[in-house]
Amino acid sequence: MEAYWEGMKAIAPELVLTAFALLALVQDLVTKGRNSRNVGYLTLVGLGVTALTLLGQESRAEAAFGMVEVDAFGRFIKMFTLASLAVVCFFVMSDRRERKHGIGEYYFLLLGAAVGIFFMVSTNNLLLLVLGLELLSLASYALAGFHKGSKASAEAALKYVIFGGLSAGVMIFGISLLYGLTGTIDISEMARLSGDGTPTGLAHQLGQSPIPVAVAVTMVLAGFAYKVSAVPFHFWTPDVYQGAPTPVTTFLAVASKAAGFGALLRFLGVLFVRGDAQQLVADYGTQVGLLIAVLAAVTMTVGNVSAIGQNSLKRLLAFSSVAHAGYLLMGLATMDEAGFTAAMYYMAAYYFMNLGAFGVVLYFEGVTGNDDIESLRGLGRKAPLISIAMVAFLVSLTGLPPTIGYYGKFLLFTACIDGGLTWLAVVAGLNSAISLFYYFRIAKNLFLKEAPEGPAPAAQPMLTGLMTAFGVATVIFGIYVAPISDWVRSSLDLLG
Amino acid sequence: MGLEAYVVVATVLFGLGVACLITRRNVIYVLMGIEMILNSANINFVAFNRFNGDGMDGRMFAIFVIILAAAEAAVALGIVLNVFQLFGTVKPSDVDLLRE
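Protein chains in written order, with the numbering used here: chain W, 1 to 496; chain V, 497 to 596.
Okay, chain W solo, but in the shape it has when bound (with noise of 0.2 Å):
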């Protein structure tokens, strides 16, 4: 009994957010649509409370049979989950199209892939790994297509599934392998040593013949690449984001984004870097991250040029989170402290930018109805504050000064140069020079184009206040970097 309050302690901030997801879609039916922003303040209020049962929580357990992890890299990814949450909250909130629809089911299946999200990013079990993955996945697919009656959209999710469900199954697969090679399913076993000092699991397969295990971690990589959306594994990303709702399209490119990157971030650390793993072990870990690093070049390389001959904003958006999926890439394929502490910089200063550059996108859609970089021609003048905080974004995604943007890039390069890996971190510095282009092509269209006549857009104080302070943060972070970079040391507590 006891272990089963403690298990029910470590998966308090999940059960807290399962009740909330159920509340919303109950309130939703009692109320009949009626007031449908009472279910964004009770989602609101969710993510809140769900925030102090994450702060409440023991520093570090290990709960539920050994499943569940609790520490502070969890943490992290969860509390830069239920951040960005509530920004798509506050964006579905302020989207005019949204209202007509079941919006109970909205908020029930954003909270319901939260729950997959945390309970990926804090497992060391392959297959709660693959549950939480897939509870993420299968929410995504319905929201991507939650405007049933848009083509795009049904088109989206339709991409979205079958590129999903195929790498899930490659990743499934590749499991099987991994369980098979080390008969066990939880990666810090397949890493340790055995009591007398024998080599077991990884390194025990890795001393007979690497190949299988070569094929196994490559297929399990799928997967992961598909959920950050790195090449050869893309394909889906532009359709997707285009095609979406907005609010969902901003919840993949950050939230499930990081979730991705979390969750690789914990499988390639306690299998291959932690202090006990094995020396051959190890050594067989700089050989993925050397896969990585080339995984990194070629998805930051193609989604940069794929990038630049965009016309609309959202698809242009997505090319550009391809390519810093390979920007974050970088901090992985290091295989140590220092890269996975830049990949991790990176992914906060991810949040402000791209959460920002999606509401503005969001912002300048309801203004002009379409998504077209040529359609914000002269926006700048009608919409000053707004626009002036899209450059800020944009100076940020480019990686120049002073941004945090740009703190991030740095970390992530003194990472690529001191473990090795020079050769990344120039592609990285040509990649950023090429994103310049079709950065500055939408600060052209904001501010440098004559404005078509027609009435100054609607005031929209709440959604222009937000990403106004989101514009603030990309700089003033930048300056002060170390409220984030300390927290962000602080988290990664998973290697030691």
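For the record, the hints were derived by calculation from the structure and aren't laboratory data. Hints may be right or wrong, so weigh each one.
Which residues of chain W face chain V? A partial, calculated answer using Cβ under 7 Å [unchecked claim]: (1) I172; (2) F173; (3) S176.
Chain W is nowhere near these chain V residues, computed Cβ spacing over 10 Å in every case [to be verified]: (4) M497; (5) G498; (6) A501; (7) V504; (8) V505; (9) V508; (10) L512; (11) A515; (12) T519; (13) R521.
Note that CB positions come from ideal geometry on N, CA and C, so glycine has one too.
Could you slot chain V onto chain W? The hints should help.
Below, chain V alone, put in the same frame as chain W:
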């Protein structure tokens, strides 16, 4: 029968699933391909558990994958139904509004 036989069957089934996914032009076949991939993993899990694992990990995993496959099929078919109502077709190649 040894472990090898099971692994061979699973690998062949996995290959067939991927082939089905890539070559078939109808969404229903694509979903069947995904189902085959998941079931090939199931054969692996159960076989590995039987031959060299102690405990129930592999079997538990297989049971959960079966549940997963059912949930995924339900969501996917719902999406396909919606696509069919809007486009009048279930061929992914005919559903391509989103491109530059």
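The hints, checked one at a time:
With a least beta-carbon distance of about 4 Å to chain V, the hint placing I172 (chain W) at the interface is held under the 7 Å criterion. At a threshold of 7 Å, the smallest CB-CB gap from F173 (chain W) to chain V is about 4 Å, leaving the interface hint in force. With a least beta-carbon distance of about 4 Å to chain V, the hint placing S176 (chain W) at the interface is held under the 7 Å criterion. With a minimum CB-CB distance of about 16 Å to chain W, M497 (chain V) clears the 10 Å threshold, and the non-interface call stands.
Look at G498 (chain V): its CB is around 13 Å from the nearest CB on chain W, clear of 10 Å, so calling it non-interface holds up. Residue-level check passed: A501 (chain V) sits 14 Å from the nearest beta carbon of chain W, beyond 10 Å. Distance check for V504 (chain V) against chain W: the nearest CB is about 13 Å away, which clears 10 Å, and the non-interface claim stands. Even its closest Cβ contact with chain W, about 13 Å, leaves V505 (chain V) beyond 10 Å, as expected for a residue assigned away from the interface.
Chain W leaves V508 (chain V) outside its interface by the beta-carbon criterion, the shortest separation being 12 Å against a cut-off of 10 Å. Every CB of chain W is more than 10 Å from the CB of L512 (chain V) (nearest about 12 Å), matching its label as outside the interface. Once the 10 Å rule is applied to beta carbons, A515 (chain V) is consistent with being away from chain W; the minimum gap is 12 Å. The beta carbon of T519 (chain V) sits about 13 Å from the closest Cβ of chain W, which is more than 10 Å, so the claim that it is off the interface holds.
For R521 (chain V), the requirement that its beta carbon stay farther than 10 Å from each beta carbon of chain W is met, with the minimum near 12 Å.
Of the numbered hints listed earlier, not one is contradicted by the structure.
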